[in-house]
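Chains as they are written, first to last, in my numbering: chain B, 1 to 387; chain Y, 388 to 650; chain A, 651 to 942.
Each hint should be verified, as a subset may be incorrect.
[As the list claims (entries may be wrong)] Here are a few chain B residues that face chain A, going by a calculated C-beta distance under 7 Å:
(1) Asp-147
(2) Asp-148
(3) Phe-342
(4) Asn-344
[Said to hold, decoys possible] Below, in silico cross-link-like pairs of lysine-lysine (DSBU-like), each with a Cα-Cα straight-line distance of 35 Å or less:
(5) Y/Lys-393 / A/Lys-673
(6) B/Lys-102 / Y/Lys-509
(7) Y/Lys-531 / Y/Lys-640
(8) B/Lys-102 / Y/Lys-468
(9) A/Lys-776 / A/Lys-673
(10) B/Lys-102 / Y/Lys-531
(11) Y/Lys-531 / Y/Lys-468
(12) Y/Lys-546 / A/Lys-673
(13) B/Lys-102 / Y/Lys-546
(14) B/Lys-102 / Y/Lys-393
(15) Y/Lys-546 / Y/Lys-640
(16) Y/Lys-391 / A/Lys-673
(17) B/Lys-102 / A/Lys-673
(18) A/Lys-776 / Y/Lys-531
To be clear, the hints were calculated from the coordinates, so they are not data collected in a lab. C-beta: ideal position from N, C-alpha, C; glycine also.
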Amino acid sequence: MTEHEPHDRLYVLDRTDLQQLFDALRTRGYTVIAPQIENNVIIYGAVDRVEELPIGWTDVQAGGSYRLARRGDDALFGYTVGPHSWKRFLSPPLRMLWRARKTADGFEFIDDGSPPPRYALVGVRACELAAIQRLDDIYTRGAVIDDDYQARRGAAFIVAVNCGQAGATCFCASLGTGPSVGPGYDLALTELMEGEHRFVVAVGSERGAEVLAELPHRAASEGEIELAEAIVAQAASQMGRTLETAGLQELLYRNVEHPYWDAVAERCLTCGNCTLVCPTCFCFTIEDTTDLTGQIAERWRRTDSCFSTAFSFISSGSIRTSAKARYRQWLTHKLAGWQDQFGNIGCVGCGRCITWCPVGIDLTAEVAALRAEDVGQPPAEPILEMA
Amino acid sequence: MATKRKPRLAVWKFASCDGCQLSLLDCEDELLAVTGQVEIAYFLEASRAVLEGPYDVSLVEGSITTPGDAERIREIREASKFLVAIGACATAGGIQALRNFADVREFTAAVYAHPEYIDTLKRSSPIAEHVFVDFELRGCPINKYQLVEVISAYLHGRKPNIPTYSVCMECKLRGAPCVMVAAGIACLGPVTQAGCQALCPAYGRGCFGCYGPMETPNTAALTAWWRDQLGMAPAAIQRALRTYNAGSEAFRKESEAYEHAHD
Amino acid sequence: MMQTALRTLQRPSTPVYGSSACKPYRCRVTRRVQENDDTFTVELTPVSARQHGAFTPGQFNMLYIFGLGEIPISISGDPADPDRLVHTTRAVGAVTRRMATLHEGDVIGVRGPFGTHWPLEDLKGKDIVIVAGGIGLAPLRPALYQLVANRGDYERVVLLYGARTPEDMLYRAELERWRARFDLEVYVTVDRATGDWHGNVGLVTALIPRAPFEPRNAAALLCGPEVMMRYAVQALQKRGVGAAQTWLSLERNMKCGMAMCGHCQFGPHIVCRDGPVFRMDRIQRFFGRWEV
């Protein structure tokens, strides 16, 4: 991965010159992935032209509800996050890991893999950049490295965008993951709508600087810098949700047997939507298959969810058969276990799991409810309970 | 190597529309590979040539609706090593299981000039209510790739990769936006088993539940949301649950909960 | 806003870049022993001389049958003989049932070794109490080999082994040999006596109160069904063997073995990375907890 050294200087890129950024990225061999509207939802996909972005649209989100609305201006990034996340491109949901042929000597691998595509991810929000870094922890910082992810990640050019507004299900400010983008981007944009439509640009890497150098740009004025800061500060003040993180890990661990989990289980559909829209949920399963002749075998990697019963299957059956245990597993792993395992909270406050839960189960509300009914002390250890 | 006898495959039909058998014919490219690996011993939809049993694999389409059916399925079971019930009729009783909610004699009296000639059971029931079923492949109709997967898994002695989780899993994996969240459309996806690649939601329609209940369907929570948040009438909720898999336990019970509810 | 082209789940026709960590290496079956009705042992040797099966006692491998699937199985051979990879397992699923039919010369795939080990190096000078139930003896056998090979480094070495019936016992000839040694204390019990069994009848945990070891200087190594381990931990605690002196091996679903796939989550732990061997005090908040 390239060094991401933030440059102090801020620059200005006019809206009318943004297409040149897309062109410069494409010239460098990147496929530009950016927000766009499909089926009344803002998703991420390949784009060639700035006009393909959701210009003038915003989103109105609530637990279990998402609608698009007109903004009344021509903002390019005037919305928050939709059901897609960038993990779709950095860690695609279905991948063939290898293919092998049966031989007299067992088997041999055939059809070696090719280098993955080079993506420029345009419109990466602060919470999403933090989510990508969570995935880095899992796929590239352990004893074994996910080659495909690392290659995709290393090649990815990240154009981040500071949020100018927060949604009703946003809570990145609680987690310190936004709304202002942290380090790790190549270029970061703040969209200014007042006066001339333009972007304040921060440079986060050498290659970011190289790309910017090819575009018409100028140094940002004091006024423009202040305006950009005010816009992000405004977004920070608009967070629709909060998540109290103090003592969160112990809160979850000590309430492992709380009757509260039964109450959530009554509402939870165990459909897995929360894990699938979550930008940090990283679980996958391995599927081994053959063709009908049995001569060619393949190994596939498919996104999986801790909400399926097969997920915890061992020789004596599934460990987590109840909805209660599966919801508890998801929430406790995300907010507590993750800290033990990878040194961070696994949640970045994007709010997707709240909006895209078909029945609007709200992680922040669930944690608040648990906090209100906190048993205060750990339950007896199972071994002692037996005595 | 001495030529090994190819496993014999038979396809049987009970009360059904033939759609699932068509899925097998629809395999085209795959069908050639299938016939390369198995001997099709009984498949009237495809060939009049009939080989005697026993059969290694029997695919059974349709539900049991007559006393004659109930007898015939036992004979098929005896002649089959591995029996797969295919489709919503064979796994849940099919759309014809709607009769289970009413009096079948009233139907026959209303439909037929001479109802006394009609020899039918009170209920349309799935194959597993009558004989042991080795594997149930869901769907209305079944997905041909899943069918090839089941046959391939049988041939090579592995467990078929047929997930029992929700349609939402496939919907999200293909990147389709949720029609319930984004458009307020009632969708059975969260309580329905995957297998169709979320066909309807991907085209902006709510899931009709063709693959029957998923492994742990919370139908009560879903329909409560339909009623309270989407403003759906109890009768409409009941209708949504009473289609191809009306006879499945989870959908039947939930639909009965809306039996006497009125707006 | 029109409905644009509907994306389908892309099914790539070629493999991804790299993923060498997910590629099994080939091993040839050199021996297969039927231990009892449903349990068998396979011995493997890497096909390529460049591969070797070096491991530490308590670790596991992922064993792959061509096209059929891959499963985690603990290594039950001698760590001093890494070219002979030994695995004992029960035929319960599609993969193990096929494994039960392997012949000498057949080739299967292996990835590993993965996970933590019994900390024998740190337990020198201690009484070692091994408590195994059923097939739980398999991941403990490498520890026994290592203890026997370095017998002088340890005080008493006690093996408490329980099986359902005498026929279900693993490694019977070896158990006899160990029992014949003066420097090992081997106690065996069965849940149900059959045939000419004249030994102990009852749970393995019932052997703990009478077993000859000095609790304050003991280290207990446990493997078996979770419920058996819970009772064993309790019986050990009653004798004064605390959680910090007790290690046990856990079973969870495993797909990757690389701490990535998430399937072996157990509270704060990733079992394939932080386990399967855990010191009891590190997991006792969650061990035995319902559906964790």
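Hint check:
no., hint, result
1, Asp-147, "holds (2 Å)"
2, Asp-148, "holds (4 Å)"
3, Phe-342, "violated (9 Å)"
4, Asn-344, "violated (13 Å)"
5, Y/Lys-393 / A/Lys-673, "holds (32 Å)"
6, B/Lys-102 / Y/Lys-509, "violated (53 Å)"
7, Y/Lys-531 / Y/Lys-640, "holds (30 Å)"
8, B/Lys-102 / Y/Lys-468, "holds (28 Å)"
9, A/Lys-776 / A/Lys-673, "violated (40 Å)"
10, B/Lys-102 / Y/Lys-531, "holds (26 Å)"
11, Y/Lys-531 / Y/Lys-468, "holds (22 Å)"
12, Y/Lys-546 / A/Lys-673, "holds (21 Å)"
13, B/Lys-102 / Y/Lys-546, "holds (19 Å)"
14, B/Lys-102 / Y/Lys-393, "holds (20 Å)"
15, Y/Lys-546 / Y/Lys-640, "holds (30 Å)"
16, Y/Lys-391 / A/Lys-673, "holds (31 Å)"
17, B/Lys-102 / A/Lys-673, "holds (14 Å)"
18, A/Lys-776 / Y/Lys-531, "violated (62 Å)"
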